[in-house]
Each structure stands twice: as C-alpha cells, then as structure tokens.
Amino acid sequence: MTDIDMHVLLVDGSPQANPPELVAGLAEDCEVVVAVDRGAEVCRAAGIVPSALVGDMDTISEETLAWVREHGVREEAFDEEKDDTDLSLAFDVASELVAEAGGNPASWMPIVTCASGGRPDHFLGVVGQLARHAELGPLLFENGYEAFVLSPKGRATWDIGEMGRGKTFSLVPLEESVVSEENMYWELDHERLAGLADRGISNRVTTGMARVTCHEGCVLAMLIWGVWRA
11 MTDIDMHVLL
21 VDGSPQANPP
31 ELVAGLAEDC
41 EVVVAVDRGA
51 EVCRAAGIVP
61 SALVGDMDTI
71 SEETLAWVRE
81 HGVREEAFDE
91 EKDDTDLSLA
101 FDVASELVAE
111 AGGNPASWMP
121 IVTCASGGRP
131 DHFLGVVGQL
141 ARHAELGPLL
151 FENGYEAFVL
161 SPKGRATWDI
171 GEMGRGKTFS
181 LVPLEESVVS
191 EENMYWELDH
201 ERLAGLADRG
211 ISNRVTTGMA
221 RVTCHEGCVL
231 AMLIWGVWRA
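Quick note: the sequence shown uses the working numbering, first residue 11, plus one each step.
Because the hints were derived from the structure by calculation, they are not lab data. Any given hint might turn out to be false.
What follows is a list of derived Cβ distance ranges for each label pair [claimed, not checked]:
(1) Phe133 to Ala204: 19 to 27 Å
(2) Trp196 to Thr167: 12 to 20 Å
(3) Arg142 to His225: 16 to 24 Å
(4) Ala207 to Gly154: 43 to 51 Å
(5) Asp199 to Glu85: 43 to 51 Å
(6) Asp66 to His200: 22 to 30 Å
(7) Asp199 to Phe88: 45 to 53 Å
(8) Ser212 to Asp169: 40 to 48 Å
(9) Asp199 to Ala34: 39 to 47 Å
(10) Glu185 to Ala111: 13 to 21 Å
(11) Ala111 to Glu186: 35 to 43 Å
(12) Ala34 to Glu85: 20 to 28 Å
Every value quoted in this text rests on a predicted model; they were computed, and no experiment measured them. Even for Gly, the Cβ is constructed at its ideal location relative to N, Cα and C.
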C-alpha cells in the first residue's frame, strides 16, 4: 500500500449515529474531517468543527446549519435530485481537501463513521462506496465493530494485533477473492471464495498475531468487539 499522507474522517448521516465521544476520538487522529449532511449534527455534539460540510442538506437542522456557518465551515451543497449519494460526493470533496492541504490525493486514508446504523439499504451502499475506493484502504469504524476493505490494489493485509484476541472476526468477499487467515480458530490458506460467500463469517481470533490477507479480489474484513464505551 502507498504510504499514507493524511487521515480523513468522514462523518456520515446514519439515522443511528455513534456516541459523540467515539467520533471525537477518531477525529483526534485525522487531519481533515468531512461532515456528510446529518453527520454535522454528530460533529456539533462532539465539539468537532469539520473542514467541510457536504450533502443536499435535507437532514440537517437549522440550528446546526447556523453553527456550521458561524464557524466558517466550507459548504458543498448539492441538489436533492442527484444520482450520487452524499457519501460518494464526500469522497470527492475529501480528495480535493487533501490536495489543497498539500497531501497526495492518491494516498490518503478514509475513516468512515456513522454510516451503517438504521438503514440496511444505505449500509449496502456504503460498502459499495468503500469497495469503489479500495485503493485507499478505507476503514469503517462503528459502535461495536471496525472493518477494513482489503484488496491487493490498496491495503492487502490487516495485522489485527493483541486487541483482537478472543473477538469475533468475519470476512465477506465483495467479489470472487483469494484470502488467507492466520491465528484464528478456522484458518484459510489462499482460499478462493465466491462473491458474498459466507464461509468467512463468525470466525474467532485466537492470538495476538492474527492476520488476514486478500491476495486477489476485494473483501470486507470485520472485527466485532462489542459496544464502545468511553
């Protein structure tokens, strides 16, 4: 994977948002924060002034929109009658912000949060967006789990480390893929899996040296660690 220039947090507008403290913790390690429509509500609750607000502004309150403008946040407003989702547009704006900050638009790391709660159709769309940007090795970090998109064209390997010991691990191939899993209850060695095959579901990390590798294709690798607490 190309060396990462910058970390960008995209706070999406899921109907079921993550705790503000979780989002604030993620923002601490990011140089750029993009609020995606209702994601601005979470940013405001977390005390985070985003670098930009992106979306059609159909789910943001007037109070939060006033707060955004009071802080001089860059606004990228789009018509509601558009073909792309707000998150798709947010990826484009984030890339522009990275370039404007002197970073490489080809080597920033997206961290997406508040994207998967409450609407299964939206969640599938989010996974599609992450797969579309697999070359950046995106991370989805939610209340209860974290998931990397792994692909040889971006981040191919995830060394889970000690934090994963004893936790549930699931892998979903987003297309036909070849994967390996080491130091888990069920191990795979260059196993070819069909797209959306369920063979990688509900594995368990057995040591602090667990590793998952995508040799071909593109997969969503998920570590489930339970409800987040401050």
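(Q) Looking only at beta-carbon atoms, does the pair Asp66, His200 fall within the given range of 22 to 30 Å? (A) violated (44 Å)
Q) If you check the beta carbons of Asp199 and Ala34, does the distance land in 39 to 47 Å? A) holds (41 Å)
Q.
Just to be sure I understand the hint, the distance between the Cβ atoms of Ala207 and Gly154 should be within 43 to 51 Å; is that true here?
A. Taking Cβ atoms as reference, Ala207 and Gly154 lie about 23 Å apart, which means the hint is violated.
**Q.** Range agreement (Cβ of Ala111 with Cβ of Glu185, hint 13 to 21 Å)
**A.** violated (33 Å)
Q: Indicate whether the distance between the beta carbons of Ala34 and Glu85 respects the range 20 to 28 Å.
A: The hinted range 20 to 28 Å holds for Ala34 and Glu85, with Cβ atoms some 22 Å apart.
**Q.** Supplied distance hint 43 to 51 Å, evaluated on CB atoms of Asp199 and Glu85
**A.** The hint (43 to 51 Å, Cβ to Cβ) holds, given that Asp199 and Glu85 are roughly 50 Å apart.
Q: Mind checking the hinted window 19 to 27 Å against the Cβ distance between Phe133 and Ala204?
A: holds (21 Å)
(Q) I want to verify a distance hint. Is the separation of the beta carbons of Ala111 and Glu186 within 35 to 43 Å? (A) holds (37 Å)
Q.
Within 45 to 53 Å: is that where the Cβ-Cβ distance between Asp199 and Phe88 falls?
A. holds (46 Å)
Q: Using the beta carbons of Arg142 and His225, state whether their distance is inside 16 to 24 Å or not.
A: With a Cβ separation near 20 Å, Arg142 and His225 satisfy 16 to 24 Å, so the hint holds.
Q: Could you see if the CB distance from Trp196 to Thr167 stays within 12 to 20 Å?
A: holds (18 Å)
Q | Verdict for Ser212, Asp169 (Cβ pair) under range 40 to 48 Å | A | Cβ of Ser212 to Cβ of Asp169: about 21 Å, so the range 40 to 48 Å is violated.
Violation of the numbered hints given earlier is confined to hints 4, 6, 8, 10; the remaining hints are satisfied by the structure.
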